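K.L.:
Here's the letter readout for the chains.
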Amino acid sequence: MDDKRQPMSGDPQVQPDPLLLTAQGLSKAFGGIQAVNDAEIHVPQGQIVGLIGPNGAGKTTLFNLLCNFIAPDHGRIIFDGQPIERLPPHKIALQGMIRTFQVARVLSRLSVLENMLLAAPHQTGEKLQNTFFQTHTIRKQEQQLKEKAHVILESVGLAAKVNDYAGALSGGQRKLLEMARGLMADPKLMLLDEPAAGVNPTLIQQICGHVKRWNDNGITFLIIEHNMDVIMSLCDRVWVLAEGQNLAVGTPAEIQSNTEVLEAYLGQ
Amino acid sequence: MEVGYFVSLALFTTIYALFSLGLNLQWGYTGLINFGHIAFMTIGAYTTIALTLPGFLKEMPQRIIEQYPVLESQGWLSSSLKFLGNILPEQIPLVIAVLIGALLAALLGLAIGTSTLRLREDYLSIVTIGVSEVVRLVAVNEEWLTRGPRGVFNYPLPLAKLEPNLLIKGVMIASLLLVLGLALWRLWQWLLRQPRREGRPTLSLPLFVGYVICSVGVGTCWWFAFSLSLTIELPAFLQEIVLLMLRLAMAAPLAMVGTLLVYAACQRPFQQLRTQSIGTHLNLLTSSMGMGLVVMFFGAHIMGIVDYTYKAGLLWLLILTVAVVFWQLERWVNSPWGRVLTSIREDEEVAKALGKDVFRYKLQSFMLGGAIAGIAGSFYAWQLTFINPDGFIPLLTFQAWIIIVAGGAGNNVGTLLGAGIFWAYNEVTRFILPNILPLDDARLGAFRVMVIGLMLIVLMMWRPQGLLGKKEELTLGR
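From first to last, the protein sequence lines stand for chains A and B. So the first sequence is residues 19 to 286, counted in our numbering. So the second sequence is residues 844 to 1321, counted in our numbering.
Just chain A, with the same shape it has in the complex (with noise of 0.2 angstroms):
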């Protein structure tokens, strides 16, 4: 981990990795309300960048952007060298990049297990007229996904729930549910909103654990969050937002002790 922060200054002109994901310009406004306001974000391969601000600072409607879950209203979003601002955001999550939700989002009446195999990409039964003549495939792919989502599932702690509805599960475990479902896309980069709001302690702990577990196994991570803890002991760099504005960039220990950010958290 430490090897790869290495004192920056706030220029985001300077990075040492390759860029996964450069977003420049983002524009979005509801009505009179510019949410997010020309906006840019830089996550280089391989890292683990932190997104904060205060409440609404237009944090989430810049990870919906990213995705196009919201199509923005100017600006420029260019992942793994292609430029995704105008595909549908299905399209954008096949390219690779994953978001989890602000409240973990999971689908009740389907099992832990269902929930799981749906994340995978590209599957031959997911179209209609392979179910009519590649019966063998799919029912091999699926034997080999259950297997994988038994392998994540297992490393995240929710093995004894496999058969479980993913509605009967807690708080906490349905955030494990969403990053580990997110990890069955096999991801180059995930959007995680928020993943220690509303968790305990040793979860959150254990999530920290995991994420850079994953981190190491090479996945580009870009995280919201208002835990500085988890912010601290993650992330590489982070991206200050406030009122829709870029405010601040660096590595977590300049960010603490940025005067600019510490105003906008206070309100002064």
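Fair warning: there could be bad hints in the mix.
[What the hints assert, rightly or not] Result set (DSSO-like, lysine-lysine): computed pairs, CA atoms no more than 30 angstroms apart in a straight line:
1) B:K1313 x A:K164
2) A:K158 x A:K206
3) A:K145 x B:K901
4) A:K166 x B:K1313
5) B:K1313 x A:K179
Worth flagging that the hints you see were computed from the coordinates, not collected in a lab. Computed from a prediction, not measured in an experiment: that's the story for all the values here.
Could you slot chain B onto chain A? The hints should help.
P.N.:
Using the frame of chain A, we list chain B on its own:
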């Protein structure tokens, strides 16, 4: 009341089951609220009739020109219409007509879907109810196309002129037995997958076979009781009640004996039987009586085939169709494709975030459900042998909703069961209530509908998930 009555009743039940299976795919699995399901049935029925009515298709271009004389002046249009009139066949084979009807129903689904499925789900429900009324009103007013309220009759019916020899009858009966056998096998597989609960007898093959044999016995007795009641002379007002009592009186003890046999087959000591809850007894009793009813209808159908009637032939065709549709639906909803549909029902944002093209899946589900309703429409027309727009009122859509809600949404077996219960209720009240209540026909009709509402309320309080739904699913939050 005779064999033909049972066959007719079975026809209605099965047509409604097929119709509801389409809605169940749309709503039960995908969460699409469709209040205009009848539109698909209307399209299916009228298309099949129009394509098979001798000469109707060939005269169609001519009639279009008569209806819209303005077309005459459009040189190329009228000449191409005349050309069409020359090349169009007199009529089209029934099977192809049904498939075209289903295709057109699916295309209606495509038209509704592309315009509304991207919007929130309530828009879909509003548009569908509007479209179904539009389709019905077109059928009422465009007389050149549908003959309007006067209706269409004397159209070709499948297997109507068939005079089956022994071999064909044998094949028909054998195929029916095959379907029944497959259904029982599926029931057995389903029972095996049920979680074990305390206080229930352990499942074993002898128990299941015992259960089936008992049910056949019960069914035979129902049948005899019914025939017996036909030979007894009784005052009319008593007859219906006595009939019911007779049936119950003969069936109930048999079902009880059946229950005991089931336990015996299971080698449970009788002490343990006494400790079983009343609920278990009631479950076994009602399920073997239900099976008995199925067997009774089955018997009536086989008699209808042996002593060949058109309706029995149609029912045979319909049962095979429903079996194929049901089998295919089960394969679909249990495939990864079906998993995506259920995920859309649960939370389409999640499906989108995981890379599923939500719109496409919704459209597929909507069109397939529509096509199934279109096929049901063809059979509906053949069963009635006369159709006019009054047969396609929005009420039918809501009857399909009742069937699905009662049976348990997102459950194809539940839908079949719901259709059976709906029609059983319909017929029981039609024949028995007039003898019990001193009401005239109009009031009685209103009373029956009222009781349906009451029963639904009771059902929703007692089993809000529907008969075959899973209770746990209701308590789950988002």
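K.L.:
So which of those numbered hints doesn't the model satisfy?
P.N.:
3
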